[in-house]
Amino acid sequence: MSRLRITGARLLDPASGRDELGSLDVEDGRIVALGREPAGVPDEVFEANGLWLAPGFVDLHTHLREPGQEYKEDIETGTRSAAAGGYTLVCCMANTDPVNDSPAVTEYIQRRARESGNVRVRVIAAATQGLRGEIMSEMAGLAAAGAVAFSDDGSVIMDAAVMRRVLEYARGIGRPVIAHCEDLNLRGAGVVHEGSHATCCGLPGSPGEAETVMVARDLELARLTGAHLHVAHVSAARSVELIREAKTAGVRVTAEVTPHHLFLTDEEIRGYDTNKKMAPPLRTARDREALRQGLADGTLDCIATDHAPHAHYEKDVEFVAAPFGVVGLETSLSIGLELVREDVLSPLALIDRMSTRPARVFGVGGGTLEPGAPADLVLVDPERSYKVEVSGLESRSKNSAFLGRELSGRALRTWVGGRIAFALDEEGSR
Amino acid sequence: MSNPETPAGSQTAAERGPERELAKGRVVLDAAGIQRATTRIAHEILESQPDVSELVVVAIVRGGEPVAKLVTARLEQLSTRTIPLGALDITLYRDDVVARGVRPMPRPTRMPFSVDGKRVVLVDDVMFTGRTIRAAMDAVLDFGRPASIQVATLVDRGHRELPIKVDFVGKNIPTARAEQVVLRKRADGELEVVVV
Amino acid sequence: MRHLLGIEEMSRDEIERVLETSEAMLEISQREIKRVPTLRGRTVINVFLESSTRTRVSFEIAAKRLSADAINVTRSGSSLSKAETLADMARNLAAMSADVLVVRDSVAGVPHMLAERVRVPVVNAGDGCHEHPTQALLDAFTLRQSLGSLEGRVVAIVGDISHSRVARSDIHCFTKLGAEVRVAAPPTMMPAGIEGMGVKPCYSMAEALPGADVIVMLRIQQERLAGALFPSVREYAGTFGLNARTLALAKPEAIVLHPGPINRGVEIASDIADAEPSRILDQVTNGVAVRMAVLYLLTGGGR
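Residue numbers (this note's numbering), protein chains in the order written: chain A, 1 to 430; chain B, 431 to 626; chain C, 627 to 929.
The shape of chain A in the complex, shown without the other chains (with noise of 0.2 Å):
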């Protein structure tokens, strides 16, 4: 048994509430140790010269590709960009080809995901059978198989009639639903939000409104059904203070905020790029300050990235007829920086949206830096500057909305169950 320490680290546990210098232990794949003066003899010792140690990042939201469409990522890819960007830990959508909807998908995946996977890998299965909407999807038996949630991602459950038996047979499950909140008549022929960019582009655009009816609706029916709710990539003010008055009224409901939505808005439209295209679309300022504001009050429970790779070749047409979606695993972390900067989180805040939340919200383990905790664990140069570049990247797409920019942060190491996944030295090599 080897035992690593990991010392001069600045420790952030938002489970316990701890943020002090100090040094951590893992041993077997566990965390045996912490503290400022850890008891113990290790046997390797990694100087972690005051950069942040905290538990590894769980993504909600990715969009692994495999089986199917592995052309854009697969299981090996999308997880060694996830253990890039400092995740240890990333839940992967149904809409795969074919789609989740039966334990031999989800079996697939999970096998294939102790084959190559880079870090822990969660399946989320489909809602209804092919996610068509209409009838839903062997539950028990997907979640007998390892799905943690249910979800139509990818596409939209427009019945009502429909989402109500689907959070309804949930709820008797125990699993959470992931609404993708997006009413597909309002939204129309739209690429784009509806607003003054959309506007001078001449690009037909979405009013927020899209969004809000079905978070309402959904509100609503999570109310009636007692289901667990959970809001997928939150892009609009009235759906976060939508979210809030439920959440006060005792509605079992969480939410996610993509970095995209939390960084950019609508203004980045100007000029065609493909890469600013996503569903949904980027906003105002203004809802990206609702957004900011509700994740650091908690209304918005945790970032997640909906990583949604695309080849190059698929996204390099016409603007109205690319596919929605960029990836964001490896900079995700840069984003979340960017918000402590700008003081909207406490770095033990950003830890606790990126790790701990999400982790507790569909109860996948992970999150915290305990001894007999799995030693999963992102080190975390918040200073480190990088330019975004197709080269850079670990993911086998490279649609990033951040192409080109200067961004500052992000992981030197990831260990998942003690072993290193990812490891960026000084000068820039892995």
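These are calculated hints, taken from the structure and not from any lab test.
Treat the numbers as computed from the prediction; the structure is a model and nothing was measured.
Ideal Cβ positions, reconstructed from N, Cα and C, are used throughout, including at glycine.
Be a bit skeptical, because a hint or two may be false.
The calculated label-pair distances, taken between Cβ atoms and stated as ranges, are [as the list claims (entries may be wrong)]:
(1) His-473/B with Val-683/C: 47 to 57 Å
(2) Gln-293/A with Thr-700/C: 50 to 60 Å
(3) His-473/B with Pro-878/C: 49 to 59 Å
(4) Glu-742/C with Arg-341/A: 25 to 35 Å
(5) Arg-341/A with Gly-667/C: 49 to 59 Å
(6) Glu-635/C with Glu-44/A: 51 to 61 Å
Assemble the complex: chain A is given as a structure, and chains B and C must be docked to it using the hints.
Just chains B and C now, with coordinates in the frame of chain A:
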């Protein structure tokens, strides 16, 4: 200035303003000299063909315009007839490669008469390589079928690159190739020709 | 000016330059031999992925009057129907040593896409609902003929503003030239945040036309009318159509523009389309001159 060697646009020296040019250049033809020269050109035109019934004068925009006005006025005095005067812009007929990204502004062309069967006298201020006149001939021939085309110029500075001849010249001024010959208007409104 | 993708990116000086150059080009179109050798040996490729006869013919005539070779690529005959991507098609065209690409598409952003990927000048001949810059330039040129400067003039643009690229280009162009621009449409056809473009949105003719020196009537697409954005042709014509009664709301000497093709009896009454205030046919004549000016100015750089 219709000299195709002029860089960047067709802004004439007169447009650039007399102040900047005053310091440089030696005057080779002053206002009185220009009067004498244009008078002599008019005489020569009449001598070579006294019948002016089919005569039209076409000024090359822009440098040829003041010269053509003087020549035409003198022709009308001497012949006691009205002589049609047109202005031809040859910007769109130029054969020289334009500097990257900069297109000279084409000016309006005014040819309010037919050239069919006419004796056309093209008038320019400075004859140099001959390319301007070649372009002007192409343009005139696009307007119709003149009986003949002749060329009058206030100054001939030599260095021909094409087989173009001048029929009526005001003054021959030998120059070095790198020099510029400019017809300009002084602050007091008088015309003069300088070598820069 | 490397490309002409939209009026939004043009400075007032650049706009004036095009208008001034258009004067000389108009004169050429009035000669017996309507041709100058300026673009001899150059190739203009009209990539018209959205069908259009008028604009395409106008660009073709413009190219030919400058002695350029004009080639037309349309959607049905093009490789795009065989699922070649737009980006690849553009690269292929440029590789064939085209000197200028004139591009029209039914979706926004296509000329920008091409301009980023090819090394030749690109002219936007209309991209979806975004811009139609040569239309705005010929509109401004036409207004100059009647009004001289646009400084301080009031222009009312009436029609389906939300789907109109002509409206957007006109707004940019006229505001840059100093005019006050109003847009008029029923609320269902007024785009969000239009005030951000520096115009006043109006919801009736009575609100938009008083004091107007210029009225620009936009074509209403029948498909949009059929119940979706507006109940019927009859109701639209009655509330936003230009007829003798509504024309009288504007200044007595007001002039009327329309990008064409006109829907007689829908957005514009038949008699008004042919009456004295209408400059619709001048727009067409001027269109060739303006497009000649654009082709001339963009091909300035050497090969």
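Item checked: Violated hints - listed by number, lowest first -> No numbers; nothing is violated.
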